[in-house]
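K.L.:
Chain by chain, the residues:
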Amino acid sequence: MINKHCFEIVLVLLASSTIFSLELKLAFFQQRVNRESLKLLNRFQKSSIQQCLAHRKNFLLPQQSVNRHQYQKGQALAILHEMLQQIFNLFRANISLEGWEERHMENFLTELHQQLEYLEVLMSLEAEPNSGILRSDNPRLQIKRYFQRIHNYLENQEHSSCAWTIIRGEINQCLFFAFQLIRNLSK
Amino acid sequence: MGLARPAAAPDDAPPPGRDAPGAARRRGGTTLKSPQNVEVYIVDDTFILRWNRSNPSIRNVTFSAYYQTLGNDTWLKLPGCQSVANTTCDFSSLKLNVYDKVKLRIRAEEGNNTSPWHNIDSFTLFEKAQIGPPKVHLEAEDKTIIINISLPGARDSVMWALDSSSFTYSLDIWKNSSSGERRTETVYSRDKIYNLSPETTYCLKVKARLLPRKNGIYSPVYCIKTPVANKLPPPENIRLDSKNNIFVLRWDYPYGSVKWGHARPNVTFQAQWLYAYLKKIPGDSSGKWKQIPGCKNVHTTQCVFLQNTFRKGIYLIRVQASDGNTTSVWSKEEKFDAQLQITLLPPVITMKSTNDVSLRVYISAPEESENKPVNQNFPLIYEIVFWENTSNAERKIREKKTDFTFSKLKPLTEYCVKARALIEDDKWNKSSGFSDTVCEKTKPGNTSRTWLIAGICAAIFSIPVVIYVVKLLLRCISYVFFPSSKPPSTIDEYFSEPPLWNLLLLTSEEQTERCFIIENTNTISAVEETNQTDEDHKKYSSQTSQDSGNYSNEDESGGSKFSEELLQQESE
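Quick note, the sequences are listed as chains A and B, same order.
Those letters in the first sequence? Residues -18 to 168, by our numbering.
Those letters in the second sequence? Residues 70 to 641, by our numbering.
Hints in this document: simulated from the structure, not taken from any laboratory.
Ideal placement from N, C-alpha and C gives every residue a C-beta, glycine not left out.
Among the hints, erroneous ones may be present.
One side only, chain B facing chain A, incomplete, derived with CB under 10 Å [said to hold, decoys possible]:
no. : residue
1   : PHE195
2   : LYS276
3   : PRO281
4   : LYS349
5   : LYS381
6   : GLY382
7   : ASP406
8   : ILE529
9   : ILE532
10  : ILE536
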């Protein structure tokens, strides 16, 4: 136990210099992604949120299990990367959009893509701990499971507009969690 | 099936007896052992369980595997792996969540006789899975090969359902003729390989990769021959510069109208852009390229467009040459990050000369508040060019630090420095323009400083000497040219008196000695008459002698009178 903590402390000390810059950059990203996702969501608030309330579902965002430990930087980056990757994957298939919406979706995907590229550069500098250490609890898999639930839900709802409205709300929450993770990372 | 196995040699096994209903597990002294080296082997959506026999001698042994999911205590039959006579079974039909933990166990069976269980630690199918060899479709066009890689796994793959846009592909390509030179590139699922030779057969193989550390199995080797080169080659070396609020897109076209004017006077160019993220999405994005405004049918090898044409993000740009009805293939697709392009500005340098003949250089980010975050936080490298102002010999160094020192320089020499910011990693290779040149003179070095100190010390010490010398000189001069006027003899006499006074005082000190010597008082009267002033002094001296007198008054006065007499004698 003590060993583990020592290891983490040393890692945090080693990483703290780079974390700071990472935090700044990601904070910047947070602003912009938030803006784009809110734009997407606002449209729905006007029209159809009321009628979609019946379709709500708890997708069990793996918030607690991810928040539970103080993650090493490598792991936190992996969680962020998996999350953004999955969000990208979720929305890139969302093709039947009207002009206005499509433009915002393009902006949103562009932001996500850019951040993924940055993250991959950072990750190449930072070794991701082998999932073997955390076999019982691979955070990447938890994120995958969460998105699997989302995909299954969309399929069950036959990709109805209401289902998409619910999912967008959910993703907003997920992004919010991602930003929280970034903040924790920089502490 | 089991009988056909060569491993089941009858000689080292006891003859299998008929299984009596109540027979124990023991048969002829041998226990049925559980299988060894049990291994789960998963490629894409194919799940295989493999093991080794522990009792090769026993015939009719079959194997059965069971599975258990997390949170479920009952063991269920593993489909495809029941009573298998072989040492491998395929359980691909198992419909399990690939991200959930699963436990397996397997045992050998022979009739009612069973071995102990061999348990496999819990695992997830996804973690065990390897990425299978991708299918590749090739097309050759001019000096490029167009590759089209299909996603690993089946069309409706469950294993990679959530990773379809996360794959990257690593490609190995070589000329068929030479087995030597291999080139490895990271490509998208739809991409092109550029800069190949025409009419040459190339072979390649591809593997998929998935972060963090899944490396796929290589595809089979595919070969294709490039055709004869097109008559109209594509533009090359596409680059983008940002200035104020415009982008300048430039390219090279050595065959066109610009440089080689006569060969193809009517060559025009057009440039297109694409969201780079579309390349991550499997499928054809070739229809999504868009015209760059202001870059259609241009006759020059550059075009200009406003920066706000592109939002922040990553884009691809390509250029094509046309000459009448013939068009070239598209150029290499150049990736650019609009934000980075704008914000990768020349750094600002300040240089200070320090005392030890060194120059300290500080690099700071340019002052542009809006776009600061990226420029500051991207891991930048600075390339610094440093030279002596009078010579052309340049020193080029690369630094990650923003504060460093050039030492061991020549004293009192002017040096100049300029720098640019670079981003270099496996994804980007960009540089800013050079900063303004800053020049600075080094301070005088250590050696000259000691001389200076010595000089100052010498000067300080020499000042009194000089003053003394000057004084002497002045005295000489004044002696020679302005001789001191001698006062008249009377005045001289007058002036000569003070020494007498002094003597007077001195004698008063030496009185005691004199006192003993003098005895006759005859001369006193004569002395009294000589001088008025002397009289006064006599009074005075008698007074003083009274103060200090240990002797008689007579002696005193006699003494003083005697001294006066002496004085008179002296003055005579």
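K.L.:
When the structure is checked against the list of hints, which entries are broken? Sort them ascending.
P.N.:
2, 8, 9, 10
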